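*Asks:* If you read the protein sequences in the order shown, they are chains A and B. At position 141 of the first sequence the residue is numbered 141 (the working numbering), and the sequence of numbers has no breaks. At position 231 of the second sequence the residue is numbered 231 (the working numbering), and the sequence of numbers has no breaks.
Bear in mind the hints are in silico, worked out from the structure with no lab data behind them. Note that this is a predicted model, so its numbers are computed, not measured. Each hint should be verified, as a subset may be incorrect.
Dumping the calculated DMTMM-like pairs for lysine to aspartate or glutamate here, alpha-carbon to alpha-carbon at most 25 angstroms [claimed, not checked]:
1) LYS160/A with ASP4/B
2) LYS134/B with ASP123/B
3) LYS160/A with ASP12/B
4) LYS134/B with GLU5/B
5) LYS239/B with ASP198/B
6) LYS239/B with ASP336/B
7) LYS239/B with ASP123/B
8) LYS160/A with GLU229/B
9) LYS160/A with ASP265/B
10) LYS239/B with ASP265/B
11) LYS134/B with ASP390/B
12) LYS134/B with ASP35/A
13) LYS239/B with GLU229/B
14) LYS134/B with ASP149/B
15) LYS160/A with ASP3/B
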Amino acid sequence: MPVPHDDFAEFYEASYHRVVALVAAVVGDRQQAEDIAQEAFARALTRWPQVGQYDLPEAWVRRVALRLTVDAGRRVRRALALSAALTVAQRRRGEAADPLASTALSIALARLPLPQRQVIVLYYLADLPVEDIARDCEVSVTTVRTRLAAARHRLGRELKEADESEREVPDAR
Amino acid sequence: MLDDELREQLADWVRPIQHLAIPDVAVLRRRARRRRARRAGAAAAVTAVVAAIAVAVVASLPGSGRPASSRPQPGSSASWRAAPGSWTRGTWQPAGPLPAAAASPAQAPYFVTIHGAAAVVTDAYTGHVTATVKPSAAARFAGVAAAGDDRTFILAASAAGTVTFDELRLRPGGQLASVVRLFSVPMPVVPAFAVSPDASLLAYATVTGLEVVRLAAQTARTWPAAGGELSSLSWGGDKTLAFEWSAVSPVATVQPAGAGVRLLDITATGRLLPASRLLIGYCPSSQLCTGGPVITADGATVFATNLVLSATIRSRVEEYSARTGRPLAAVTPLADVANGGGAACQPLWADPSGAQLTVFCGTTGVVADGRFSPVELHLPRGILNSAGQDFAW
Numbered sequence: 001m002p003v004p005h006d007d008f009a010e011f012y013e014a015s016y017h018r019v020v021a022l023v024a025a026v027v028g029d030r031q032q033a034e035d036i037a038q039e040a041f042a043r044a045l046t047r048w049p050q051v052g053q054y055d056l057p058e059a060w061v062r063r064v065a066l067r068l069t070v071d072a073g074r075r076v077r078r079a080l081a082l083s084a085a086l087t088v089a090q091r092r093r094g095e096a097a098d099p100l101a102s103t104a105l106s107i108a109l110a111r112l113p114l115p116q117r118q119v120i121v122l123y124y125l126a127d128l129p130v131e132d133i134a135r136d137c138e139v140s141v142t143t144v145r146t147r148l149a150a151a152r153h154r155l156g157r158e159l160k161e162a163d164e165s166e167r168e169v170p171d172a173r
Numbered sequence: 001m002l003d004d005e006l007r008e009q010l011a012d013w014v015r016p017i018q019h020l021a022i023p024d025v026a027v028l029r030r031r032a033r034r035r036r037a038r039r040a041g042a043a044a045a046v047t048a049v050v051a052a053i054a055v056a057v058v059a060s061l062p063g064s065g066r067p068a069s070s071r072p073q074p075g076s077s078a079s080w081r082a083a084p085g086s087w088t089r090g091t092w093q094p095a096g097p098l099p100a101a102a103a104s105p106a107q108a109p110y111f112v113t114i115h116g117a118a119a120v121v122t123d124a125y126t127g128h129v130t131a132t133v134k135p136s137a138a139a140r141f142a143g144v145a146a147a148g149d150d151r152t153f154i155l156a157a158s159a160a161g162t163v164t165f166d167e168l169r170l171r172p173g174g175q176l177a178s179v180v181r182l183f184s185v186p187m188p189v190v191p192a193f194a195v196s197p198d199a200s201l202l203a204y205a206t207v208t209g210l211e212v213v214r215l216a217a218q219t220a221r222t223w224p225a226a227g228g229e230l231s232s233l234s235w236g237g238d239k240t241l242a243f244e245w246s247a248v249s250p251v252a253t254v255q256p257a258g259a260g261v262r263l264l265d266i267t268a269t270g271r272l273l274p275a276s277r278l279l280i281g282y283c284p285s286s287q288l289c290t291g292g293p294v295i296t297a298d299g300a301t302v303f304a305t306n307l308v309l310s311a312t313i314r315s316r317v318e319e320y321s322a323r324t325g326r327p328l329a330a331v332t333p334l335a336d337v338a339n340g341g342g343a344a345c346q347p348l349w350a351d352p353s354g355a356q357l358t359v360f361c362g363t364t365g366v367v368a369d370g371r372f373s374p375v376e377l378h379l380p381r382g383i384l385n386s387a388g389q390d391f392a393w
């Protein structure tokens, strides 16, 4: 769907949820994702006369947001580890966990190194071709393909292990 | 896993985000204004740092008058250099006397938490807030570390790409005595830091390794490190630093070489890993991981958290010999992490010999003579599982 980007407010409303969702999938935390997305949009706002002229201003915002996830990575490290551990425990106790942290997929994603998480999310959630992902992540297309393959392999293994572990403890708590 | 399945699961996972309220554009405008202000501040800070470096370089030239404070102290290694950053001269004070060996934890009742925009001093036994400190304008507190006297704390605040370290001192009754600026360094965040029991040394992690600063002399030494992350720094006296070395990724299945609880003798030089020794391996088996060390002020004992991974995730605090790394005793029972509100069992405070300590393990308690007894301590809810370094005792 073409996005009218001559007006910032319109562009912002049309793309906000997409950017937050993408960042949330990368960092595994909704509030952190909103914070990062808002910072990226705020930067777009200050440069809007220029960014608004781009073919895809959302790609610019996305790129800034991805860079911010790298900065934020260290701070969320402990929270992610805890969230993953806690989620496992909660699931086994049958409690409702944070919807963004309650799946085997989110735990497996959190185990991936950040660069692999980024490419998986851009490829499967944002549905971007590898050429665009390479631009967003500022790496070569070959690197994107390598990271995708490694991440797919690791995700598959993690999800299989999670599945087997669930079956091993069907009545736990 | 099939590509379509992965696509579908990811979309399902983030679907609730579509229902989030979109903040008004005015929020972004305010944010952009704050950012401009921060950048202006950063430019000023860079100018100040460049000026400070220039002064230090000129002062160190042969024939130049060298400030007395940067002169190597008797018996110290000559490899200490002028500490980076912008310093406030003459503000540092040593900590008060440490509690006696085997002192009761009740003699050290005060802890500091970063709560919202403020640093809050609380008496753990009564729950009374005895002091509150706000950061300077445009800054926010990034963490807190405790010296050994229970009256001296170091607060880190960040603003505009600069981290500032202040020394907070308390009166005997826990009321605020003073907050003085020590120094500031240009870096966006401080991942971890610790102050020695006598408050003479400050260690802080950077993105490229470890920095230890002698606060009185304003000199520093660096140990470069790469491929992992430093956390849970803890001083054993003024010679030994315990720390956790682990993967940057939160729950990585592959840990970097030498991951675990390590000890650094700060007279050793070179890169961090060769200069330090591995005391306790990070995850010696797929069922057990150890981290979060607290070393006693006499440098003889390390308390650390064991995570026991099985159908549930349980944890306990274990005591180790700092000389051999041998486990000496489990000082708490095993507790389900989920029952502790998501926080693992962890040591909170130890007397200089490690004979008595306060711990959290599902509930708070005191360990004396190797025996754990529950004691109600007034810790803010959730403080022990927050990201970052928001709690110090």
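*Asks:* Need the list of violated hint numbers for this structure, in ascending order.
*Replies:* 4, 6, 7, 8, 9
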